[in-house]
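In order, the protein sequences belong to chains A and B.
139 is the number that my numbering gives to position 139 of the first sequence; each next residue is one higher, with no gaps.
Quick note, my numbering runs 1000 ahead of the 1-based positions in the second sequence.
Everything labelled a hint here was simulated from the structure, so no lab data went into it.
Note that the Cβ used here is the ideal one computed from N, Cα and C, for glycine as well.
Fair warning: there could be bad hints in the mix.
Okay, the calculated beta carbon distance ranges per label pair [stated by the list, open to error]: (1) G79(A) to P1029(B): 44 to 52 Å; (2) G1018(B) to I173(A): 58 to 66 Å; (3) G79(A) to R1270(B): 40 to 48 Å; (4) R1465(B) to E294(A): 50 to 58 Å; (5) R1465(B) to G101(A): 26 to 34 Å.
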Amino acid sequence: MRLAAFADELDLCARCHEQCLFSSTVVLATGRHTLAPSRKALLADLLRRGDLAPTGELAEVFELGIGSGVEHEHCLYAGRPAWPDETRFSRAARADLVDLGFPSIAAVEAAARIDATGDPFGLGADPGALIVTGTTLFFTDAATRALAADVGAALRRLVLELEPLAGPLPSTIEPVELPSSAGFEALELGLEAHARRLAGALIDLARRLGIARIVSESPEALVALRELGAGGLSLVHASEWLAAALSAASPAAAPPEVARIAVLHDSARLGRYLGVLDAPRQVLDSIAGVERRELRHSRAGATPSGPTFGFPDADAARAMADRLLDEAVAAGAELIVTSSPYDRRNLTVVAGRAGIDVRDLLEIVAAAHP
Amino acid sequence: MIDVASGGLTAIREALAGALGSTRVSDRPLDRLAYGHDTWPLALKAPGETRWQPDLVAWPGSVEDVVAVVQIAAGAGLPIVPVGGLSGIVGGALAVRGGIALDLLSMNRVLDIDEISGLVRVEAGILGANLEDALAARGLTTGHLPQSIHSSTVGGWIAHRAAGIASTKYGKIETIVRGVRVVLADGSVLETSAVPASANGPMLHTLFFGAEGTLGIVAEATLAVEPLPIERRWVAYGFADDAASRSAASGDPAAAAFLRSLEVVRRVLRRGYRPAIVRAYDPAEAGPLLARAGLDPDATHGTRALLIVGAEGESPLVEAELAAVAREAADANGTDLGPGPAETWSAHRFDTSWLLGAVRGSGSIGDALEVAASWRRLPGVYVAMRAAMREACGPDGAVIAHLSHAYPDGGNLYMIFRTEQGSDRAAIERYPAVVDAALGACLAAGGTVSHHHGIGLGKTRWFEREVGPVGLSVIRRQKAALDPAGILNPGKLGGAA
């Protein structure tokens, strides 16, 4: 079992004073202590030891997680050996439950779509989602195309504008070889074989093209590639690429729709798991007319916006986004700037009630560089 | 009464689902398992233990939901155990007769902040850290900052009469709470006036302080708030052994320096000063803390006991309080250690890994017993408890102690033990023996068996001994009047299980 590798973490977490509870977004949204890291650790540990039978109910508990890492950030054992991370042990539990014959409903559906189209959204590959510039491959993940198509379009436009060598994929690449998803959703759902296949296809393509680094607008795609093995390739978020690319460019002026009071929401995957905290700020600060303010909880301690893929409780998801929206309102924001397609989706669902606009960083930059 | 064997629980679940919504009630095994343990050492020692599981879990979202649950439970004679963050360490939220675990975590809103009066009204399920975060955004604080603040709720604080680290300035929770809204066992709702003072008969809201949910379910509370302190400064003093203090400590050299540090605290408090944070450590606990701060006894004039003081508020107040501490510490031959040890403590103040390690370790167990006594009796309580606990723990045990809450007329003691017994079974069997020895010594020396953790399952026997037969009779008559069917948290505070 994959959970065997987490034995020490699970023991620490299952018998703890739960000093992460106040930050547990799912618990705050649902009120269910069953969904707290300590209780999930207990269930995972019992499953690992064979003291708890795998069931559909157990799969449902692990399905109700958002993998934000915020509890990990506030863990009593932060920085010590066996520092528990609910995101990782829940991912392992879901994978073990899939192997034991108890996939979640979302996993079953996603597996079928991946098998049919190459991604969990059923989109299929898009040649326009891949741009080569010398030894760099720009990759727009299926999640972005499905949830925030404008972000993918913005990235494409910016790459073509800022990278002189940008060009399409060589014609020798067959359409069937094109990757659509980096495998994050499959990884999270416990579909490890699917995840490895998807990430592997992207890495293999990059190797064939002599690529040294992959740039993506999706922090989730980059996390998946890192977790599944990037084969020595450098993994770069679009905000990092932009920060470097814009450093020599003339300052851009914000058009009226983005020349507003803005708060930057730190994506869980980008901030906590990839450690990219400054680049998005640097990029946003390079646009004259945007007044950037910090949310009350930002950087590594940022409040999550909600779930990623396959979370079954829409009311809880809305409650999570509402909590973050309240922070934005308190900061006086007119605009929330995101850097993950999932954050953009989560916040867009609720932002209307506060009259706040939600845009991805790439959309802001593209608007400022017409 | 319901007939569980004939499927009565199914009818209860359906009735609750009808009132709260189907996703707000569960009889599923994993939910029951999750609510079957809190952070009582005996519960932590046995993860997956099933004997404290509720039959059902309900998640009310409003006072009206709580009323509905109580009415349904009352109609069926089914117990209700109010649950907050499950951070209690005496088993107060464990179900001893099944029933409904009523989890209030969904009731976590700040309802009103009255900045003019300095009051905040909240739902009882709000976690302390979330409340303080909301208040800090407005430049306010309750001043109630327990070590469990990240996992304990306002309702839980009231249920067991909690204390925060700054209690010397702000008081325990019973001095911070101004009013409550409580759902009684018959479904009626009592709302008390949130006023600064009143002589309108008995203080009704205080009836529910420390009642552990046995008399009613606290659903909302109004708390006093203060401005966030403008300034906080730390000082620390070390105390070496000397002949005079050894005599006062009945010849116990380990106790001598500690008792001198307690005397410094007493003198400061008796003179009318109220520094927010006052902590005095005995040699066994001071040693690791000093080491963590990079100090050793040789570099600190033989420091064995340690006093930490944090003063906060307006600068003149801070100055005056720290000056008073400095004078008294100098009179007691204390060594000024600078702010380092205090800052180290502050940086690590949520680190409970030592105690958790004692509980998790194979063959080991431990606990933090918090007692209190008047200044005259406190030294005797310390000496007696320490001796009794060391003997009960055996040769592979450790007992450390500190004072962390001080009042003009006395203070508390945290008596913390860890014992190694070779097997988990032996450790679990040894645990009550150590607790009995400790609390027996405490009572005999004139202390109270709980300063702020409450009674729960862990201290029931000693609670009954301390309040005595007349006190117990009063408590039971209160219970009989307010909850005649005994459905509210049965088995706690001397109630029938």
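| task | For the range 40 to 48 Å, tell me whether the beta carbons of G79(A) and R1270(B) fit it or not. | result | holds, 42 Å
| query | Is it true that the C-beta distance of R1465(B) to E294(A) lies inside 50 to 58 Å, as the hint says? | reply | holds, 55 Å
| message | Range first: 58 to 66 Å. Now tell me if the beta carbons of G1018(B) and I173(A) are that far apart. | response | holds, 59 Å
| Verdict for G79(A), P1029(B) (Cβ pair) under range 44 to 52 Å | Violated, at about 35 Å.
| task | May I ask you to test the hint 26 to 34 Å on the CB atoms belonging to R1465(B) and G101(A)? | result | Cβ of R1465(B) to Cβ of G101(A): about 55 Å, so the range 26 to 34 Å is violated.
Of the hints listed earlier, those the structure fails to meet are numbers 1, 5, in rising order.
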